[in-house]
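Each protein sequence line maps, in turn, to chains D and S. Under our numbering, the first residue of the first sequence is numbered 1, with each subsequent residue one higher. Under our numbering, the first residue of the second sequence is numbered 1, with each subsequent residue one higher.
No lab work stands behind these hints: they were computed from the structure. Watch out, some of these pointers could steer you wrong.
Pairs of lysine-lysine, BS3-like flavour, derived with a Cα cap of 30 angstroms [said to hold, decoys possible]:
| no. | chain 1 | residue 1 | chain 2 | residue 2 |
| --- | --- | --- | --- | --- |
| 1 | D | Lys149 | D | Lys83 |
| 2 | D | Lys131 | D | Lys64 |
| 3 | S | Lys63 | D | Lys106 |
| 4 | D | Lys149 | D | Lys106 |
| 5 | D | Lys188 | S | Lys63 |
| 6 | D | Lys149 | D | Lys84 |
| 7 | D | Lys106 | D | Lys131 |
| 8 | D | Lys83 | D | Lys148 |
| 9 | S | Lys63 | D | Lys148 |
| 10 | D | Lys106 | D | Lys148 |
| 11 | D | Lys64 | S | Lys63 |
Stretch by stretch, here's where chain S covers chain D in the computed footprint (C-beta under 8 angstroms, at least three residues) [claimed, not checked]:
| no. | region |
| --- | --- |
| 12 | 75-86 |
| 13 | 98-107 |
| 14 | 140-152 |
| 15 | 156-169 |
We put the CB at the ideal spot given by N, CA and C, even for glycine.
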Amino acid sequence: MHKTILTATMAIAIAPLAAHSAPVSYTVDPSHTYPYFEIDHMGYSMMRGRFNSTEGRIVLDREKNTGSVEITIDAESIDTAHKKRDDHLRSPDFLNTGEYPEITFKSTRVEIDGDEATVEGDLTIAGVTRKVTLDVDRLHCAVNPMSKKEHCGFDASTEINRSDFGVSYMVPAVGDEIEIEIALEAVKD
Amino acid sequence: MLELLDDPIFQSAIAPFLIALAVGLVLRTGAGLAGGVAFALAVLAAVWMIMGLQFTPLNSTRKLILAGAGAFVLGMVLESIWRHRDGRWLQAMLGLGAAAAALWLVWPRLGRLEGMEAGLTAVLAAAYAGLLVPLMNGLQRSPLAQSAAALALGVGTAISAVIGASALLGQLGGAIAAAAGAIAVLLVIRGEFRLGSGFALPMSLLAALIGISAVVYARLPWFALVPLPLIPLMARVPVPASLGRIPRGLLLLAATMLPAAATIATSWSTNGAAGY
């Protein structure tokens, strides 16, 4: 009897941990996920834009404080609020979306520390892959009161030199350094 | 001084013009080699300044540069060993080769298009290059006409590419026009000398592939390219032989610029002004 109560108590105590011990997968919510970028325009101003279409998957393992991130950005969805500029950015001069329709990021290492994380991975732009590190903050997971499903979200940022990816047209007149920020939300599978 | 190397006008007009002119003045004009070497070195310098000489990953723009380099080598070989350089059999083979280069260029795009659209893109690209290259190569008996046609083809291709949302392709087309312009000046200074396949093949193939790239990978409508194959036909307009080289050259240039102007006007009417 005593042994049965002890076993049941331990099972109840372990249950919440067991529920979080397995990695949990989330599908990126395209309507709440936007990669933004900013770049120096000939020294006059910082030009900003975003990509309107992103999909992917994140996996979080809260017990081991690790996980994975895979994102695919539709390069044709680039949007700087000016059609001619957007057409130019899609052309062979820059992203060459006719040949390379997607920008991808695949993590190789994730370290979670509370609501922050460091995500190392391979970023591929215009057919060139380079290692980058995303600094993640505001990592937050909770049940969405409207959908009743668990959502996770975070903000990630990094900085790249576009010439590292072979996108070097008009450097240095148009900046080489690009600040990237990704606002990402995902829904538990 | 180094800032000059970043100036688009210097990269795609001034530098290739001066290099082609300098090389053409130095080289002997016999055996049809001077035109090709002057053109090749001028365009190579422009390519280096505009986009560098890296070839990985092998994207469409790098493919067209490689195809142009291959056409130059083939042209120089033809100049060295082949007697009937504008014979019909050779012209047909050159057309097939140009068509194959065009398909190689657009292949990545074809895989992402639906059946009919992919087929039409492939046929138009192959037909455009397959027609333009032999027609331009066939002007070898009249160097002045060939250089005027090359200049017009370069101008029409460059400006329409810029209007079609690619300044890079426009700069490459501009380099062709600038080098061809320098060769036209050489013909006036040194007298008419055979330009050869070493000039005609890379010049025409590069122009064809730049135009195709502007359609397939940028925003130039395909019908904007339709007038350009008329340029080598307009270059055959009879011009009185009694006229001097300069008046003959100007008349030929005026005739060949008509299709180029039509291409530019068509691009403009569809896409509007370049720039933003």
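Evaluation of the provided hints:
1. D:Lys149 to D:Lys83: violated, 37 angstroms
2. D:Lys131 to D:Lys64: holds, 23 angstroms
3. S:Lys63 to D:Lys106: holds, 28 angstroms
4. D:Lys149 to D:Lys106: holds, 25 angstroms
5. D:Lys188 to S:Lys63: Violated, at roughly 44 angstroms.
6. D:Lys149 to D:Lys84: Status violated; Cα separation ~40 angstroms.
7. D:Lys106 to D:Lys131: Given that 30 angstroms is the threshold and the Cα spacing comes to 10 angstroms, the pair holds.
8. D:Lys83 to D:Lys148: With Cα atoms ~39 angstroms apart, lysine 83 (chain D) and lysine 148 (chain D) exceed 30 angstroms; violated.
9. S:Lys63 to D:Lys148: Between lysine 63 (chain S) and lysine 148 (chain D) the Cα gap is close to 52 angstroms, so the pair fails against 30 angstroms, i.e. violated.
10. D:Lys106 to D:Lys148: holds, 29 angstroms
11. D:Lys64 to S:Lys63: Violated, because 47 angstroms separates the two Cα atoms, which is more than 30 angstroms.
12. 75-86: Contact hint for the region 75-86 of chain D vs chain S: holds, 3 residues under 8 angstroms.
13. 98-107: Contact hint for the region 98-107 of chain D vs chain S: holds, 4 residues under 8 angstroms.
14. 140-152: With 0 residues in contact (Cβ-Cβ under 8 angstroms with chain S), the coverage given for the region 140-152 of chain D is violated.
15. 156-169: Contact hint for the region 156-169 of chain D vs chain S: holds, 3 residues under 8 angstroms.
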